[in-house]
Amino acid sequence: MSALRRPSMPHPLSGRANRFSRLRLDRLALHGAILLILIVWLLPTLGMLVNSFRPAADVSHTGWWTALSPTAQFTTENYQHVLTRNGLGQAFVNSLFITIPSTIIPITVAAFAAYAFAWMRFPGRDLLFVVVVGLLVVPLQTTLIPILRLFKDAGLAGSFLAVWLAHTGYGLPFAIFLLRNYMGGLPREVFESAAIDGAGPATAFFRLALPMSIPAVAALVIFQFLFVWNDLLVALVYLGAANAANLPLTVLVANLANSLGGEWQFLMAAAFVSMALPLVVFFALQRYFVRGITGGAVKG
Amino acid sequence: MDPRLGTALVVVVGVPLALIGYILGVEQLLRALPGRLQPRVRPWLWLLPALAFLVVFLIYPTLYTLVLSFEDKFARHFVGLANYQYFFSTGDTIGALRNNIVWLVLLTVLAVGGGLLVAVLVDRVRYESVAKSIIFLPLAISFVGAAVIWQFMFAYRPPGTFQTGTLNGLLGSVGVAPVPWLIDAPLNTVALIVVAAWIWTGFCMVILSAALKGISAELLEAARVDGATELQVFRRITLPLLMPTIAVVATTMVITSLKAFDIVYVMTNGAFDTEVIANRMYKELFSFGQPGRASAIAIVLLALIVPVMLLNVRRFRDQEAIR
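Heads up: the sequence lines are chains D and B, in that order. Just so we're aligned: the first sequence equals residues 1 to 300 in the working numbering. Just so we're aligned: the second sequence equals residues 301 to 623 in the working numbering.
Since the hints were derived computationally from the structure, they do not count as laboratory data. Mixed in with the good hints there might be a few duds.
Once the Cα atoms are required to be at most 25 Å apart in a straight line, the calculated BS3-like pairs of lysine-lysine come out as [said to hold, decoys possible]: (1) K432(B) x K513(B); (2) K152(D) x K432(B); (3) K152(D) x K513(B); (4) K373(B) x K513(B).
Per label pair, the in silico range of CB-to-CB distance [as the list claims (entries may be wrong)]: (5) L610(B) x H61(D): 51 to 57 Å; (6) R24(D) x P540(B): 51 to 57 Å; (7) F374(B) x L42(D): 50 to 56 Å; (8) G413(B) x S69(D): 33 to 39 Å; (9) L317(B) x R188(D): 41 to 47 Å; (10) V606(B) x A195(D): 51 to 57 Å; (11) R398(B) x A195(D): 18 to 24 Å; (12) L317(B) x L43(D): 47 to 53 Å; (13) S516(B) x D126(D): 28 to 34 Å; (14) G124(D) x L610(B): 15 to 21 Å.
Some chain B residues close to chain D (C-beta under 10 Å, calculated; not the full set) [unchecked claim]: (15) L333; (16) G335; (17) R336; (18) L337; (19) R340; (20) V356; (21) R376; (22) H377; (23) V379; (24) V430; (25) F436; (26) A440.
The structure displayed is predicted, hence computed values, not measured ones. Glycine included, each C-beta is placed from N, C-alpha and C at the ideal position.
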């Protein structure tokens, strides 16, 4: 913390030059500390990225940092291997199949409920919303066994539909919570004057509430997309045992990690394939992502 | 063409259309009702799809799990508290519970403390947004991906051979013997928690940083003009004002650590005393075929989370009162 000490009052005993050098030293320490933290944070990912492009023999005998020498060799063979022989290409498509409907359905369902919670008056409204707030933290684990049985009885275990339905249920509390808080913050006058002009609730929702809530919806889309894309447990339980052809990237990479033994170079390439899309989404839409998190958590 | 593409397209386009159709249909129906009744019925019809999902996928299964936790492994006979007795009398499950408590304390301290430190530090430099993106980055990738990345950080070879893991490579360069990070207990649990902290520090940082920006600059400047050192300003003004936000991120981290699963599943699968509750439940269910015991574990997990849930509800009510 000494790096933070930045005297803004002139110390009676220190001369002007002394103060300046002290200030510059503190700034230097601050930059140094931040730089160190950033390096520590980037190093793990950077190391594996370098490693995933090295030949198998190098990976198993030397550390990734030896690749910094000018004689080091690089190859895209690991990526070619996992994409063609480990079924990673198919798993990538599966992840998309799982993620896109699992993002769109809960947000659509939540939007109507959020509007009702925000702008309709009815007995029990606040109590019901408190239940939604409580459901925010219910662990998935307490729902797994009954829902798995439900899916088995309905012949849905192993199908995409099972995962879409489950993710809709699990994603709803947060989606309703975030959208209701956002819609509730919209100016009351807008809805009052619309009602005076004879607009019904459906018109007010489609023409006013929904278009005005686009920032919150965008945040939610990114949030739910990353959540589902990165999910392991739901896919493992509802798809894993029943249908290997539908497995997403996370399950495939986890299986590789548990079974590959010596072939680490493939595991690293596979892990990066699974990270590619979330990283693109993250960098392109970072601002909305942050807004979604802060909006949801700080308000809640 | 993949036949599943057709289904996916139907769902992606069809479900939103069906929901819009449902709402428009509801409004048509309501017109047939007497005007006085309309505002009473409407909210429930608008809420119906969401409530149906919440009941079927969260409320009913939680209650059913509670029932299953009192039954044998075939879900036929009532066995009383036998499954809970098993949980609280078996070394493995008690070990899992103990590890979760270590997770809870250590992850919360590391992620919240680290997030606070980074938020305060980068607040003072011009490249703040770049720095925050880098710290935040791990949250975008999956825990599975993070676990794979860190397996190479922790990789261990017997002493005397060339170390391929980053950490042991670093230790070797200063002449220290390699450490079996993921094998030696309790060091291995700490190693797993470090991975989780690497992911979640960015989350805490983003929220704490947003709260930090909300503190009035004049207030801080006034304290400095009065002669307070930066450390005093932080301890006496910034920290107390951040406390409510710190409480929010801390409760989030408490829940995260209680639910920890992915990192343990991929990196050790609970071997060498690194077991946690969620992973143990998965094993009871799929490896040991014990749904009753798995249900009891899930209920224990829920019971641990209930205090946080009540806290959240109370905080929400307080905030609603101010709105």
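Now the hints, each set against the structure:
1. K432(B) x K513(B): With a Cα-Cα distance of about 14 Å, the restraint between K432(B) and K513(B) holds, given a limit of 25 Å.
2. K152(D) x K432(B): violated (45 Å)
3. K152(D) x K513(B): violated (50 Å)
4. K373(B) x K513(B): At roughly 54 Å apart (the allowed maximum being 25 Å), K513(B) and K373(B) break the hint.
5. L610(B) x H61(D): 51 to 57 Å: holds (55 Å)
6. R24(D) x P540(B): 51 to 57 Å: Violated - the Cβ-Cβ distance for R24(D) and P540(B), about 31 Å, lies outside 51 to 57 Å.
7. F374(B) x L42(D): 50 to 56 Å: The hint (50 to 56 Å, Cβ to Cβ) holds, given that F374(B) and L42(D) are roughly 51 Å apart.
8. G413(B) x S69(D): 33 to 39 Å: For S69(D) against G413(B), whose Cβ atoms are near 38 Å apart, the range 33 to 39 Å holds.
9. L317(B) x R188(D): 41 to 47 Å: violated (30 Å)
10. V606(B) x A195(D): 51 to 57 Å: Violated, since V606(B) and A195(D) (Cβ atoms, about 41 Å apart) do not stay within the stated range.
11. R398(B) x A195(D): 18 to 24 Å: Since the Cβ atoms of R398(B) and A195(D) sit about 58 Å apart, the hinted range of 18 to 24 Å is violated.
12. L317(B) x L43(D): 47 to 53 Å: Given a distance of about 48 Å, which is inside 47 to 53 Å, the answer is holds.
13. S516(B) x D126(D): 28 to 34 Å: Taking Cβ atoms as reference, S516(B) and D126(D) lie about 33 Å apart, which means the hint holds.
14. G124(D) x L610(B): 15 to 21 Å: The hinted range 15 to 21 Å holds for G124(D) and L610(B), with Cβ atoms some 20 Å apart.
15. L333: violated (13 Å)
16. G335: Violated, about 12 Å.
17. R336: violated (14 Å)
18. L337: Constraint on L337(B) not satisfied, violated at 12 Å.
19. R340: holds (7 Å)
20. V356: Since chain D brings a Cβ to about 7 Å from V356(B), closer than 10 Å, the hint holds.
21. R376: violated (14 Å)
22. H377: Violated, because the Cβ-Cβ distance from H377(B) to chain D comes to roughly 17 Å (cut-off 10 Å).
23. V379: Interface hint status for V379(B): violated (16 Å vs cutoff 10 Å).
24. V430: Holds, about 9 Å.
25. F436: Check passed: Cβ of F436(B) comes within 8 Å of chain D, closer than 10 Å.
26. A440: holds (4 Å)
Comparing the model with each numbered hint stated earlier shows that hints 2, 3, 4, 6, 9, 10, 11, 15, 16, 17, 18, 21, 22, 23 do not hold.
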